[in-house]
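Peer 1: Protein chains in written order, with our numbering: chain A, 445 to 912; chain B, 445 to 912.
It should be emphasised that the hints constitute simulated quantities derived from the structure, not laboratory data. Please note that the accuracy of each hint is not assured.
Once the Cα atoms are required to be at most 27 Å apart in a straight line, the calculated DSS-like pairs of lysine-lysine come out as [said to hold, decoys possible]: (1) A:K666 with B:K446; (2) A:K463 with A:K446; (3) B:K666 with A:K446; (4) B:K542 with B:K494; (5) A:K888 with A:K533; (6) B:K490 with B:K542.
Pair ranges (Cβ atoms, derived) [as the list claims (entries may be wrong)]: (7) B:L530 with A:P744: 37 to 45 Å; (8) A:E633 with B:V893: 58 to 66 Å; (9) A:L511 with B:E455: 51 to 59 Å; (10) A:D602 with B:V893: 52 to 60 Å.
The C-beta atom is built at its ideal place from N, Cα and C for all residues, glycine as well.
There are 2 protein chains.
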Amino acid sequence: MKDKVLPSITEALRLTGVKDGMTLSFHHHLRNGDYVLNLVLAAAQKLGLKDLTINASAIFDCHLPLLDLIRDGTVTGLECNYCGALVGKALSSGLLAKPVIFRSHGGRLADLARGSARIDVAFVAAPTADSRGNISGKYGRSACGSLGYAFSDVQNADRVVAVPENLVSYPLTDFSFSETEVDYVVAVERIGDPAGIVSGTTRVTRDPIGLLMADMAAEVIKASGLLLDGFSFQTGAGGASLAVAYAVEKIMLAEGIHGSFASGGITGKLVEMLNKGCFESLLDVQCFDLEAVRSLRENPAHREISASQYASPLAAGAVVDSLDTVILGATEIDPDFNVNVHTNSQGLIMGGSGGHSDTAAGARLAIIIAPLMRARLPLIVDRVQTISTPGRTVDLLVTQYGIAVNPLRAELSARLRDAGLKVMPIEELKHLAEKICGVPKTLKNENRVIAEVLYRDGTVIDTIRQVN
Amino acid sequence: MKDKVLPSITEALRLTGVKDGMTLSFHHHLRNGDYVLNLVLAAAQKLGLKDLTINASAIFDCHLPLLDLIRDGTVTGLECNYCGALVGKALSSGLLAKPVIFRSHGGRLADLARGSARIDVAFVAAPTADSRGNISGKYGRSACGSLGYAFSDVQNADRVVAVPENLVSYPLTDFSFSETEVDYVVAVERIGDPAGIVSGTTRVTRDPIGLLMADMAAEVIKASGLLLDGFSFQTGAGGASLAVAYAVEKIMLAEGIHGSFASGGITGKLVEMLNKGCFESLLDVQCFDLEAVRSLRENPAHREISASQYASPLAAGAVVDSLDTVILGATEIDPDFNVNVHTNSQGLIMGGSGGHSDTAAGARLAIIIAPLMRARLPLIVDRVQTISTPGRTVDLLVTQYGIAVNPLRAELSARLRDAGLKVMPIEELKHLAEKICGVPKTLKNENRVIAEVLYRDGTVIDTIRQVN
Numbered sequence: 445m446k447d448k449v450l451p452s453i454t455e456a457l458r459l460t461g462v463k464d465g466m467t468l469s470f471h472h473h474l475r476n477g478d479y480v481l482n483l484v485l486a487a488a489q490k491l492g493l494k495d496l497t498i499n500a501s502a503i504f505d506c507h508l509p510l511l512d513l514i515r516d517g518t519v520t521g522l523e524c525n526y527c528g529a530l531v532g533k534a535l536s537s538g539l540l541a542k543p544v545i546f547r548s549h550g551g552r553l554a555d556l557a558r559g560s561a562r563i564d565v566a567f568v569a570a571p572t573a574d575s576r577g578n579i580s581g582k583y584g585r586s587a588c589g590s591l592g593y594a595f596s597d598v599q600n601a602d603r604v605v606a607v608p609e610n611l612v613s614y615p616l617t618d619f620s621f622s623e624t625e626v627d628y629v630v631a632v633e634r635i636g637d638p639a640g641i642v643s644g645t646t647r648v649t650r651d652p653i654g655l656l657m658a659d660m661a662a663e664v665i666k667a668s669g670l671l672l673d674g675f676s677f678q679t680g681a682g683g684a685s686l687a688v689a690y691a692v693e694k695i696m697l698a699e700g701i702h703g704s705f706a707s708g709g710i711t712g713k714l715v716e717m718l719n720k721g722c723f724e725s726l727l728d729v730q731c732f733d734l735e736a737v738r739s740l741r742e743n744p745a746h747r748e749i750s751a752s753q754y755a756s757p758l759a760a761g762a763v764v765d766s767l768d769t770v771i772l773g774a775t776e777i778d779p780d781f782n783v784n785v786h787t788n789s790q791g792l793i794m795g796g797s798g799g800h801s802d803t804a805a806g807a808r809l810a811i812i813i814a815p816l817m818r819a820r821l822p823l824i825v826d827r828v829q830t831i832s833t834p835g836r837t838v839d840l841l842v843t844q845y846g847i848a849v850n851p852l853r854a855e856l857s858a859r860l861r862d863a864g865l866k867v868m869p870i871e872e873l874k875h876l877a878e879k880i881c882g883v884p885k886t887l888k889n890e891n892r893v894i895a896e897v898l899y900r901d902g903t904v905i906d907t908i909r910q911v912n
Numbered sequence: 445m446k447d448k449v450l451p452s453i454t455e456a457l458r459l460t461g462v463k464d465g466m467t468l469s470f471h472h473h474l475r476n477g478d479y480v481l482n483l484v485l486a487a488a489q490k491l492g493l494k495d496l497t498i499n500a501s502a503i504f505d506c507h508l509p510l511l512d513l514i515r516d517g518t519v520t521g522l523e524c525n526y527c528g529a530l531v532g533k534a535l536s537s538g539l540l541a542k543p544v545i546f547r548s549h550g551g552r553l554a555d556l557a558r559g560s561a562r563i564d565v566a567f568v569a570a571p572t573a574d575s576r577g578n579i580s581g582k583y584g585r586s587a588c589g590s591l592g593y594a595f596s597d598v599q600n601a602d603r604v605v606a607v608p609e610n611l612v613s614y615p616l617t618d619f620s621f622s623e624t625e626v627d628y629v630v631a632v633e634r635i636g637d638p639a640g641i642v643s644g645t646t647r648v649t650r651d652p653i654g655l656l657m658a659d660m661a662a663e664v665i666k667a668s669g670l671l672l673d674g675f676s677f678q679t680g681a682g683g684a685s686l687a688v689a690y691a692v693e694k695i696m697l698a699e700g701i702h703g704s705f706a707s708g709g710i711t712g713k714l715v716e717m718l719n720k721g722c723f724e725s726l727l728d729v730q731c732f733d734l735e736a737v738r739s740l741r742e743n744p745a746h747r748e749i750s751a752s753q754y755a756s757p758l759a760a761g762a763v764v765d766s767l768d769t770v771i772l773g774a775t776e777i778d779p780d781f782n783v784n785v786h787t788n789s790q791g792l793i794m795g796g797s798g799g800h801s802d803t804a805a806g807a808r809l810a811i812i813i814a815p816l817m818r819a820r821l822p823l824i825v826d827r828v829q830t831i832s833t834p835g836r837t838v839d840l841l842v843t844q845y846g847i848a849v850n851p852l853r854a855e856l857s858a859r860l861r862d863a864g865l866k867v868m869p870i871e872e873l874k875h876l877a878e879k880i881c882g883v884p885k886t887l888k889n890e891n892r893v894i895a896e897v898l899y900r901d902g903t904v905i906d907t908i909r910q911v912n
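Chain A extracted, bound-state conformation (with noise of 0.2 Å):
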């Protein structure tokens, strides 16, 4: 029996074959707290390798040094799903030749499937692990819950190094993935700062306009005939998709109705309504705190799922299929509903698609929630510099003043205009904001494309150009 355990990853690199020009992957759930991707990159570059891509599902800003591996040529190639805004401010600069990849979560997994994507080897950053390879993510000091989206590298690379903080006596039995994939086993003091991995407590917001939106939110679910015995829900960690599930936490309640599931990214605020009754599962892909992280080690009603049960479009099903209804942001959107997630105003890349697109295109309902202007800036624009998720996708805009329904959802707006929601035109929406605001310039940009945006098809949706 061979041998896992080696005793750096510059060995592990060594081992595993890794040469010029491969592709390295890489999982966020330890999101910005995570210390691996830099430790093997920086060992890649002592070992003098160049050409590397890397293939992260999502790229933070505690990544930073990343940028000089760029610069030096160790990595030339980057795919993912996300980016943070200070390495995105970077990438827009030009900094990379080669355009960068960016997909949705279920593109990921798609891509990887029928080729178009691949990894030579996945380093897997594992709070515990076993000398043999199995893996989770539910124990330790920096364990991180789900780790939903490193099944698919660990599934398809070529080679997998584990890299545990916390190594347990073989066989750890509440494993994710399992000794059968994982090839080397290299344990490190540290995987990650916990502090940046999961917050403590997640706090809803106290801002009087995001609770005013959420409760349109929840009136909007309520309305659109889906919030019955059996309805299924997600919605994201920020302040104001965290005050649409106490709304609709609340309806439910009073209501007496009780759900399916709730999917996607875990909070404790979805464990509490799991806990209450409001639903029978939830299946979590990625664990946003620490009382997501207990609920998913000690209820069995919480169920970690791979990212291609959560998303891939290419699986013979996946849970955004089942999805009544998610609540999603946008830093613009445009009348024909495009959403853009990926840059900011001044077109700098600052996000990215995650599950945006895939649940968009999954659920029922598809609900936006964003304030009508942020700084001055509306949020209704002629055409999203960046389409992150594409309008036939997306059923409704929920803003501070009304909401507005995609014209290709008529039998959905006379529901919300029976039930006395304020419905109007998103044209009128747009109007309003720039009667605020003014006309925003909008910048004609005909530089380098320096990243592609590819749908969860694996078609080329939209171009990212470099802004200098």
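With the hints as your guide, set chain B onto chain A.
Peer 2: Showing chain B alone in chain A's frame:
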């Protein structure tokens, strides 16, 4: 979203595109109570399908209707890891023109992974499933516990059809494999006869010879030096195998030894040992009784594993590679320690390797335990009729008359002698039996080859010939 629920097996055969010449797969977790293989093949016959190959992890005598389907040309190929005696006898008479392909549990997965076996459509008997194809063996009237052998089918088949008895509302969170791999769901009234699926109780042998051998085997394990904290163990469900578990438990409790895991097919006895602290965990590829099913459902230290994780020689790691000791049976053994578990004294098929050769290859100590003669037929023969497990992987033989150690393991032999155990050359045990029973006539069989036995590395280790 495509509706996966179909009204009939016939419809599933149509929609999965099953055509003449294709391969259908089945798992054997319902053992001698399985209805699903017969149901599917009856539907295929009605559709007039011909020339099908059945790849089943095991065939039991409940599958006798298969013989008629072979006779009428519906089925012309059979691949399995085990075959019950009644079906086996018919196959031995030359019913199939093509040789039956016998594999080991690990070899089946390896052949699927390397493409030397393939599955067009997998039919998965499912004690419980939801409408999207999340499947569990732990719940329902026909609960069988682990679905370990079905993982490879689900992962490798072009199309997967779940055949649940108990259809529950989405999502079934405690799934063994998920909606991502399952194309269709066909609910049926009964997937099997619970009496044949699991036994309510598993009784240890009361046969004094079996008990004597069990005590000797336990003494061997102790003397081998492996019975320390961290000890790992596998034994079967037969009376004598269970008796070894009792004998090992007695030593472990008396000496305060805390083992690491027990693996393979799990019985209530091993559950009891887990609960008494003899082991930290159970790694379960198959539940043999109701107590094991209950424990798997309730105790997180009792973990379902895939057959790949159990035994695949091509996986990056498998449990058998970490196994200290395995207890195995034999119908015949020869002076080179080759073991036959495929054919009886007349050369008729009545079994198969299952995990026999996988665990023998992996375990540090592979013990064969068998009475020196059965019905006046000696266990030890000049040359086994069928090599199921090569002698180089077998460490020793325990019989009621003494212990024979493989000459390749001189150091082990010395340890056992030092411990005062009755170790003797295998030839001496052979002569002893022949003095009692006489020397059996060896039948020269030059008939047509009706089965090939593939070793876990994919090579043909032996052939089985027609018996007229």
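Peer 1: Determine for every hint whether it applies to the structure shown.
Peer 2: Here's how the hints hold up against the structure:
Restraint check: the Cα-Cα separation between A:K666 and B:K446 comes to about 26 Å, which is no more than 27 Å; the hinted pair holds. Proximity of A:K463 to A:K446 is assessed by CA-CA distance (about 23 Å); at most 27 Å being required, the pair is judged to hold. Annotation: proposed proximity of B:K666 to A:K446 holds, straight-line Cα distance about 26 Å (limit 27 Å). Only pairs whose Cα atoms come within 27 Å are accepted, and B:K542 paired with B:K494 is accepted, the gap being roughly 14 Å.
The straight-line distance between the Cα atoms of A:K888 and A:K533 is roughly 18 Å, inside the 27 Å bound, and the hint therefore holds. At most 27 Å may separate the alpha-carbon atoms for a hinted pair to count; B:K490 and B:K542 meet this at roughly 23 Å. Distance hint check: the CB atoms of B:L530 and A:P744 are about 41 Å apart, consistent with the given range 37 to 45 Å. One distance hint, 58 to 66 Å for the beta-carbon pair A:E633 and B:V893, holds here, with the actual separation near 59 Å.
At roughly 56 Å, the beta carbons of A:L511 and B:E455 sit within the given window of 51 to 59 Å. In this structure the supplied range 52 to 60 Å is violated for A:D602 paired with B:V893, their Cβ-Cβ distance being about 38 Å.
Hint 10 alone, counting from the list given before, is not met by this structure.
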